[in-house]
Amino acid sequence: MFNPQWDTNTPNRLRRRLVNGVIPVLLLAGFSVSPLVYANQAILFQMMAFMALAQGVNLLYGFTGYLPFGYVGFFGIGAYGMAISIQLLHFPGILAVIIGGLLSSVIAMAFLPLLRLSGAYFAISSLAAAEVLSHIVSNSAFIHITNGPYGEQLTQSYHPLTSYVVMVIVLVLTTVVVIFIRNRPFGRALMAIREDPVSAAMAGISVVRARSVVWLLSALIAGLTGALFGWHMSVFYPSTVFDLNISILAIVFTLFGGYGTVTGPVLGSIVLYGLYNAIGISDPQYFQLIYGLLIIALVLFLPGGIISLIQRRGNYVP
Amino acid sequence: MSHEPVLAFEDIVKKFGTFRALDKVSATLKAGEILGLVGPNGSGKTTLINVISGLYNPDAGKILFQGLDITRWPMHKRARVGINRTFQIPKPFKSLSITENVALAYHYGSKPAMNPRQALDFVGLSHAASQLALQLNSTQQKLLDLARALAAGPKILLIDELAAGLNHQELKVIADHVQLLAQQGIALIVVEHHLGFVNQLTNRVIVMNAGKEIFQGSLDQAAQDPVVSAVYLGTGS
Ligand SMILES: Nc1ncnc2c1ncn2[C@@H]1O[C@H](COP(=O)(O)OP(=O)(O)OP(=O)(O)O)[C@@H](O)[C@H]1O
Ligand SMILES: [Mg+2]
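Those sequence lines, one after another, are chains A and B.
Reminder that position 213 of the first sequence reads as 354 in our numbering, one-by-one numbering, no gaps.
Reminder that position 147 of the second sequence reads as 155 in our numbering, one-by-one numbering, no gaps.
Simulated from the structure, these hints should not be mistaken for laboratory data.
What you are looking at is a predicted structure, and each value in this text was computed from that prediction instead of being measured.
Backbone N, C-alpha and C define an ideal beta-carbon position, used for all residues, glycine too.
Honestly, I wouldn't trust all of these hints.
[Claimed, not checked] Below, a list of computed lysine to aspartate or glutamate pairs in the DMTMM-like style, where the Cα atoms sit at most 20 Å apart:
| # | chain 1 | residue 1 | chain 2 | residue 2 |
| --- | --- | --- | --- | --- |
| 1 | B | Lys102 | A | Glu336 |
| 2 | B | Lys85 | A | Glu272 |
| 3 | B | Lys220 | B | Asp31 |
| 4 | B | Lys102 | A | Asp337 |
[Said to hold, decoys possible] Chain A residues, not near chain B, derived (Cβ > 10 Å throughout):
| # | residue |
| --- | --- |
| 5 | Leu185 |
| 6 | Leu229 |
| 7 | Pro233 |
| 8 | Ile235 |
| 9 | Ala270 |
| 10 | Phe283 |
| 11 | His285 |
| 12 | Ala342 |
| 13 | Met374 |
| 14 | Tyr378 |
| 15 | Thr404 |
Could you put the whole structure together from the sequences, leaning on the hints where they help?
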């Protein structure tokens with residue numbers, strides 16, 4: 142399933158580096174140019190946001206085996222961290238976005254003990270954690286900080302173009318980080334942990350540390366993305382940024398494309414988010430039907446995602 | 009070679025609930041020495057390996073590595089100073105290649121160590137280097153465990169039942185290889201049911217029964233010891 146060979150063959154390695162390098166360049170070029178030919182910037186922005194989230198899920202699930210149903214919690218915290226930085230601290234947008242991302246990582250630190258759980262227990266607890274965060278944010282006791290259930294209005298700092306550009310940068314950086322991890326011994330170490338944590342520890346890998354690094358990193362990605370999403374929308378409610386569907390879609394996009402690769406989440410987001418916009422808005426019932434069938438087909442026939450169709454023939458997929 | 013023990017464990021107790029899987033087990037081991045660990049099923053051999061390698065924390069007792077108290081160290085830290093092991097039921101990284109399995113241990117483990125190619129050569133798996141670990145049969149997976157342990161640069165190597173399922177010829181080859189490791193200064197504890205195999209390796213054994221150390225000394229003496237004959241040799245495995 143994963144690309145074998147601790148590759149020492151130099152031409153091969155060069156070619157792989159090249160293929161890997163092409164992906165962030167294509168993303169950068171694609172999302173920079175597409176607003177000129179496709180007018181609906183909101184859709185492009187959300188596609189980027191989902192692609193970044195899918196890479197975050199990919200890091201957690203694809204490399205360490207934790208399925209984070211509550212991933213949206215970090216997204217929501219990022220959005221609120223950003224909004225509070227603008228409203229109460231009067232920070233400029235970009236700085237507020239960074240604060241939002243960092244706040245998510247800080248919150249992730251508090252939830253590090255979740256990593257002691259495995260399988261379904263982790264999935265459910267992460268969901269519960271996201272619910273807790275959502276309730277805290279929308280609680281009227283914190284109305285002076287979060288504006289409680291009434292949401293955030295950031296109309297004074299509405300900068301659709303800047304937030305779009307920063308989203309492109311965050312997406313490209315996220316992708317580069319995933320490529321980097323995948324091609325380093327650290328990425329192999331994560332896959333080893335996923336396979337057998339006891340053997341990994343006996344190979345000298347600090348399992349707790351490696352998992353924690355990935356957890357904080359994926360929280361940072363979701364936090365930055367959520368912050369950018371909130372900034373780009375400039376009006377949102379707790380129910381918008383803590384919407385469980387955000388987790389589900391990011392997970393489905395990752396699994397559909399193929400976890401454990403860099404290309405999988407990219408393709409999954411383009412195809413499924415594209416489909417969502419093509420028919421999901423006009424004919425939601427057909428969309429749900431097609432979506433359901435796709436997921437069932439995936440589980441039954443292609444557990445490695447669409448990428449595995451290419452990998453099966455022994456091809457290298459970045 | 010120094011006469012300071014590289015490994016010493018004292019009065020190790022390990023309980024599962026109220027059941028004492030290890031009940032005050034002690035021994036010391038010098039560099040280059042091979043200690044056979046024998047005893048009937050369920051006598052606590054694997055549990056002792058698990059405690060020394062850090063998979064389990066003992067409920068009492070002390071483990072010293074080159075005089076340093078490592079009783080509470082996590083597994084990866086022990087691996088990094090040169091304590092490694094194989095598993096009775098092999099535990100390779102199944103979807104990684106054979107080379108990757110070993111290369112990870114080489115990258116994260118202790119130095120000096122055999123590099124991945126040398127380790128695979130040593131156990132005779134180089135021909136399969138680019139295959140995935142899940143393609144190996146269980147005997148080969150045990151050898152892969154051994155190669156991975158070697159690439160982590162062990163000073164102490166704990167081998168849990170390598171001989172099971174091997175024929176006479178293969179046993180001889182493995183015994184020679186294990187002896188070669190001892191000559192390089194690695195201290196080994198070898199868990200084995202097959203007494204003939206232990207006999208080819210070493211004359212120094214610990215015999216365990218129901219978590220207790222019932223004999224420590226030479227294999228010849230063990231054979232004459234009435235207690236040992238009663239609980240172990242009498243069972244005829
Ligand atoms: N994780 C565990 N939880 C509960 N009991 C355990 C655990 N591990 C081992 N035991 C029990 O401890 C005792 C010793 O087991 P251990 O695996 O150490 O025996 P062994 O000497 O290696 O046996 P074998 O020759 O069959 O491998 C057994 O009774 C076993 O059931
Ligand atoms: Mg055993």
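Status of the hints after comparison with the structure:
1. As the CA atoms of Lys102(B) and Glu336(A) are separated by approximately 7 Å, the hinted pair is consistent with the 20 Å bound.
2. Of the supplied pair hints, the one linking Lys85(B) and Glu272(A) is violated, its CA atoms being roughly 37 Å apart against a limit of 20 Å.
3. With a C-alpha separation of about 5 Å, the suggested pair Lys220(B) and Asp31(B) falls inside the 20 Å cut-off, and the hint holds.
4. For the hint linking Lys102(B) to Asp337(A), the alpha-carbon distance of about 9 Å falls within 20 Å, and the restraint holds.
5. A cut-off of 10 Å between C-beta atoms confirms that Leu185(A) is not in contact with chain B; the least separation is 36 Å.
6. No beta-carbon of chain B comes within 10 Å of the beta-carbon of Leu229(A); the shortest separation is about 42 Å.
7. At the 10 Å boundary, the C-beta of Pro233(A) stays outside the reach of chain B, the nearest C-beta of that chain being 43 Å off.
8. Against chain B, the non-interface label of Ile235(A) holds: every CB pair exceeds 10 Å, the least being about 38 Å.
9. The claim that Ala270(A) is not at the interface with chain B holds, since no C-beta of that chain comes within 10 Å of its own (minimum 26 Å).
10. No Cβ of chain B comes within 10 Å of the Cβ of Phe283(A); the nearest lies about 39 Å off, and the non-interface call holds.
11. Interface exclusion of His285(A) from chain B stands, the closest Cβ pair being 45 Å apart, more than 10 Å.
12. Chain B draws Ala342(A) into its interface by the beta-carbon criterion, the shortest separation being 4 Å against a cut-off of 10 Å.
13. At the 10 Å boundary, the C-beta of Met374(A) stays outside the reach of chain B, the nearest C-beta of that chain being 41 Å off.
14. With a least beta-carbon separation of about 43 Å from chain B, Tyr378(A) lies farther than 10 Å from that chain, consistent with its non-interface assignment.
15. Against chain B, the non-interface label of Thr404(A) holds: every CB pair exceeds 10 Å, the least being about 18 Å.
Consistency with the previously given hints fails for numbers 2, 12, ordered from lowest to highest.
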